[in-house]
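A.B. asks: Read top to bottom, the protein sequences are chains A and B. With our numbering, the residue at position 126 of the first sequence is 126, and numbering never jumps. With our numbering, the residue at position 303 of the second sequence is 303, and numbering never jumps.
These are computed hints drawn from the structure, not numbers from a lab. Check each hint, because a few of them may be wrong.
What the hints assert, rightly or not - Covered by chain A, according to a simulated footprint, are these stretches of chain B (three or more residues, beta-carbon under 8 angstroms):
| no. | region |
| --- | --- |
| 1 | 60 to 68 |
| 2 | 84 to 94 |
| 3 | 140 to 151 |
| 4 | 223 to 234 |
To be verified - Quick list of the computed label-pair ranges, beta carbon to beta carbon:
| no. | chain 1 | residue 1 | chain 2 | residue 2 | range |
| --- | --- | --- | --- | --- | --- |
| 5 | A | Tyr5 | B | Thr268 | 51 to 59 angstroms |
| 6 | A | Ile102 | B | Gly261 | 15 to 23 angstroms |
| 7 | A | Trp19 | B | Lys81 | 36 to 44 angstroms |
| 8 | A | Gly121 | B | Ala163 | 40 to 48 angstroms |
Cβ atoms here follow ideal geometry from the backbone N, Cα and C, with glycine treated the same way.
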Amino acid sequence: MHDLYREIILDHAQNGRNWGLLEPNNFDHEEHNPLCGDRLRLTLRIDDDGIIQEVGWDGNGCAISQASASMLGERLIGMPLQNALKIDKQEILDEIGIPLTINRVKCALLSLKVLVVGGLGKREWERIEDDED
Amino acid sequence: MITHPTYIYDIAAIREDFPILHQYHHDAVPLIYLDSAASSQKPYQVIEAIQHYYQTYNANVHRGIHKLSEEATQAYEGVRKKVRNFINAGSRREIIFTRGTTEGTNLVAQTWGRNFLKPGDVILSTVMEHHANIVPWQLLSEQIGVKVMYIPILPNGTLDLAAYERILRENPVKLVTVAHVSNVLGTINPVADMAVKAHDAGALILVDAAQSAPHLPLDVQAIDADFLVFSSHKMVGPTGIGVLYGKRDILEKMPPWMGGGDMIATVTLEGSTWNDLPYKFEAGTPSIAEAIGFGAAIDYLSAIGMDKIHAQEQQMTAYLLERLSEVPGVTVFGPEADKKSAVAAFVVEGAHAHDVAQLLDAEGIAVRAGHHCAMPLHTELGVSATSRASFYLYNTYDEVDVLIEALYTVQRTLR
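Just chain A, with the same shape it has in the complex (with noise of 0.2 angstroms):
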């Protein structure tokens, strides 16, 4: 099988984690990858010490992004808000683990920029994309 598709990923992608969107939440936010359609809604429930408790994702798109969000939603339970925005990108992609390129990077980073965006705002989030100052 392709390395794309190994099994990790593919059964995030069909098995998504924390599928299923959170009412009540207090984060609530939806991003398109323009390039190919894919969308991807996160709701969390985060308590009063900012710790993140629960994860709900909605959306749809291919397997590269739905297990990137998939992945990245478990490893957002129990974590501060505030570190949970500072997750470098590379993180993410070593943990999808296979090469990408630039028009997969978008998708597998989708989730990533839903956090971002949602917490600290778009130009936030092309900082982080474009690797400027």
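Position chain B against the provided structure of chain A, taking the given hints into account.
C.D. replies: Frame of chain A, contents of chain B only:
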């Protein structure tokens, strides 16, 4: 014997790169190309980059998952980063690809202008502008009732900066729009100083860099330009591609101009949302091959060094003006050599510019004749047309000498 200044770079090697320069004009005389202000010639490196794209990785960008599309996307977006470095923009997202300078100016007029200006607001252009920096504002004036005013010029062909400050003080100027370098007079305008004054008056500044980007180092942050526009084809790149630089905060507030593919985030039958910068302003399949050729052009110029290209042109300008001044009956418009780019618009006493250009062409010399898309300036100068010899990095002092001899021939023929 006339002594030539020393070349700052290896002129013979540069000329070798441009295949068109080695042909014979009318199958008889060597081509002397003195019309680079209209469009420059292209080196092998640019021609081959375009051919390489079409032969080995031709595909649409931003869409495909397949390898060719990835390669094309990588190359296309790589050029955006090259442009960013070339003009020292703060971000690649401030680089919008257009068809050229004209499209960039029209985009600003129709999005920023149409949405943020109101009747009575003033757009301040100058008398020395190319039509591409006058007509878009006149169209906007007809559409929304803004007023277009013009900074006058002094007899030496420079802008009347005292009048500029007066107009800023006395009128609700919202945008100053000015050529960095005049395509007729060659005047290098003090755009950084003008930007300070525009900003103090609460106006933005658009710099038309069509004639400066090819010839001198550009730094949009040092100029503090709000918008800056230029074209690839005047700087050894292909036609059909150019750049609109805009400050990010301003571009983000501007609505899109053209709608279509690549510029959207989502589309439903009820409405759409817009893609992020810079794609919001790049509807439709872009000029991919042209962008890749443009990237090769930037690499070519950068390898020589824009500072060296500028320094060589300053020497060329001084030599050209000195030689032209020897010819009786020839009048050159514009300021002295140190305030001017390597372009000479001139009239020959008793001869129409078209006749001059036709006779020069017979000698192998390509110059432009007419009003050079600057009719208001020619009216101001009191002439209907001029002949224009414009120089670039591949031109030689010998070519100036041939031009001078040919002007004597023109005078003898028309006498």
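A.B. asks: None of the hints should be skipped; say for each whether it holds.
C.D. replies: Quick rundown of the hints versus the structure:
Check on the region 60 to 68 of chain B: 5 of its residues sit with their Cβ under 8 angstroms from a Cβ of chain A, so the three-residue criterion for coverage holds. Here the region 84 to 94 of chain B counts 4 residues with a CB under 8 angstroms from a CB of chain A, which clears the bar of 3, and the coverage holds. Judged by the Cβ-Cβ criterion of 8 angstroms, the region 140 to 151 of chain B is not covered by chain A as claimed, because only 0 of its residues qualify and three are needed. Counting residues of the region 223 to 234 of chain B whose beta carbon lies closer than 8 angstroms to any beta carbon of chain A gives 0, which falls below the threshold of three, so the coverage claim is violated.
Our hint of 51 to 59 angstroms for A/Tyr5 and B/Thr268 is violated, since their Cβ atoms are close to 31 angstroms apart. Between A/Ile102 and B/Gly261 the CB atoms are about 18 angstroms apart, so this pair conforms to the stated range of 15 to 23 angstroms. As the Cβ distance of A/Trp19 to B/Lys81 is approximately 37 angstroms, the hint placing it in 36 to 44 angstroms holds. For A/Gly121 and B/Ala163, the hinted distance range of 40 to 48 angstroms is satisfied, since their beta carbons lie about 43 angstroms from each other.
When the structure is compared with the earlier hints, violations turn up for hints 3, 4, 5 and for no others.
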